[in-house]
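All chains, full assembly: derive it from the sequences and hints.
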Amino acid sequence: MAEPNPKVVSAKPKKAAPAYEMLENETGAFRRVAVGTAPRPAIVSAAVKPLSPPAEEVPEELVFNEEGEVTGNEKAAAIAAADAVLKAQEEVELVFNDEGEVTGNAKAQTQAKAKPPVEAKPKKSERKAKVPKQADSFEKSSTEEKIKLFYSYRSKFPQFFVYTAEGNLQVLENPKEIPPMVIPLRAFSSLRPEELQEIDVKQNAEQLTVEAQYVEKLKELREAHDLYNPMSPESTAAIVRINEQLRQLSVLRNKTMYPEQWVKTIESVDTRRILLNQPHEERKMGYPVFLYKRFNLSRADAEGHYREHGEGTFGSMEGGGTVVLFLTDTEDPKTGMFHPATERDFVFNETRYASPYQAYETERFKELEDEKMVKQLLNTRSAKTIKNLVSMEPRQPQHPLQLWEDILEAFYTQFKDATEALKATGSARFHMMDKQIGTPDYANALASVRTKLKEKENDAPGGIDQVKNSVITKDEQKKDKVGAIINTFRRRA
1 MAEPNPKVVS
11 AKPKKAAPAY
21 EMLENETGAF
31 RRVAVGTAPR
41 PAIVSAAVKP
51 LSPPAEEVPE
61 ELVFNEEGEV
71 TGNEKAAAIA
81 AADAVLKAQE
91 EVELVFNDEG
101 EVTGNAKAQT
111 QAKAKPPVEA
121 KPKKSERKAK
131 VPKQADSFEK
141 SSTEEKIKLF
151 YSYRSKFPQF
161 FVYTAEGNLQ
171 VLENPKEIPP
181 MVIPLRAFSS
191 LRPEELQEID
201 VKQNAEQLTV
211 EAQYVEKLKE
221 LREAHDLYNP
231 MSPESTAAIV
241 RINEQLRQLS
251 VLRNKTMYPE
261 QWVKTIESVD
271 TRRILLNQPH
281 EERKMGYPVF
291 LYKRFNLSRA
301 DAEGHYREHG
311 EGTFGSMEGG
321 GTVVLFLTDT
331 EDPKTGMFHP
341 ATERDFVFNE
351 TRYASPYQAY
361 ETERFKELED
371 EKMVKQLLNT
381 RSAKTIKNLV
391 SMEPRQPQHP
401 LQLWEDILEA
411 FYTQFKDATE
421 ALKATGSARF
431 HMMDKQIGTP
441 DYANALASVR
451 TKLKEKENDA
461 PGGIDQVKNS
471 VITKDEQKKD
481 KVGAIINTFR
491 RRA
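Take 1 as the starting number for the sequence shown in this note's numbering and just add one per residue.
Honestly, the hints are just simulated from the structure, not real lab data. There's no promise every hint is true.
Stated by the list, open to error - Once the Cα atoms are required to be at most 20 Å apart in a straight line, the calculated EDC-like pairs of lysine to aspartate or glutamate come out as:
1. LYS423 x GLU409
2. LYS146 x GLU166
3. LYS387 x ASP434
4. LYS264 x GLU281
5. LYS423 x ASP406
6. LYS372 x GLU281
7. LYS176 x GLU145
Stated by the list, open to error - Have a look at the derived ranges for each label pair, beta carbon to beta carbon:
8. ILE199 x HIS431: 20 to 30 Å
9. PRO184 x LEU291: 33 to 43 Å
10. PRO193 x LYS284: 53 to 63 Å
Cβ atoms here follow ideal geometry from the backbone N, Cα and C, with glycine treated the same way.
Written out as structure tokens, the structure is:
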């Protein structure tokens, strides 16, 4: 029979019961207070303090002052002091001299030796100036890259990146420290008539060769159809093979006739561009339009070729080359008088106009039988206003080139100085830079009129027709502006 477990008795001595005494408070009530503690003050406020989380277990060694108040926890303070000493010993290894004085921190010295020394950054004034890399990269670049860099720098420093008299690129002393140099450009021009003829002969020979192969293959296909056996896989395969060869020859034949072919997509087309009898229609078509275009020259031949040094090129002033005059603006001192918007009153078709451009647009709307637009065009002298008025009408006259020639001939025959200036251009070509003023036929008409004026050099100037209609004069235009300003102030008043 198992013996019952003996009762475990703790060897820890029991604490002595504290002594108490009875004290009387201000209200005359008595309460029990431990001996040796100061009496607590009377409770004045009945406010309830919020509950706080239970405090950690505090050691029992309390420290009291002379008044009996608790001033610290001796055991907790001793533990904290010991932990601080241990931590300091781990982090710091002190070095002592013979007299017992601290002379350094061995651990800190060891760590300092292990770390590489950090060089001090020089001041901004002591730093070396950066050497520009533009000069080095410019000299080592190819000719094409030099041309790109030249125009990139010219946009910022046009006075240092200029052109020579021969049209080459010249670099002067510049802030970019690029050494002075001249970049020669290769001459470039469109094809000459003999070159076009050579290309045409070559294309004709290729077309004849491909056409002969196509006819031979077509004959072979007919024979295969005559011998076709629906039960024979070889017969079917032969017809399929010949059809594929015919397709390839058809593509090659089309390519030899038109080397350059492309499709232009117009996403949103104005309805008035399709329905010409509705010029004021503002709606657009709800689907894109695809235009198939082709050209009988390749892109490289159509754009032109580079020329070797010494060959005659367009734009050359020597060697029988052709000079091109670019018509950019009416204010240009060299070519402004040849611009279609040059303002100079003249008479054409019994009507006084301010410029050839106004005459062309007015005569165009006369042909379209739009009298309202004709009156609006004659009521202004501004080319910009005329352009805005006619922009909504895409229809052109039946013979635009002939109309331009008639207008320009009337214009130049009425002004002797303009006639002499036009003759002085020699055989130069005219090129319109502003495509919105005038039409592509204007430059050709101007050259044609120059030839006519040279042939009629000894003829007397043509007479002026009787004027029935006239454009608004400058004085009338000024009066209208003053009247408009006065009316504006009256309305505001």
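Going down the list of hints, with the structure as the test:
| no. | hint | in the structure |
| --- | --- | --- |
| 1 | LYS423 x GLU409 | holds, 13 Å |
| 2 | LYS146 x GLU166 | holds, 18 Å |
| 3 | LYS387 x ASP434 | holds, 12 Å |
| 4 | LYS264 x GLU281 | violated, 24 Å |
| 5 | LYS423 x ASP406 | holds, 17 Å |
| 6 | LYS372 x GLU281 | holds, 17 Å |
| 7 | LYS176 x GLU145 | holds, 16 Å |
| 8 | ILE199 x HIS431: 20 to 30 Å | holds, 24 Å |
| 9 | PRO184 x LEU291: 33 to 43 Å | holds, 41 Å |
| 10 | PRO193 x LYS284: 53 to 63 Å | violated, 44 Å |
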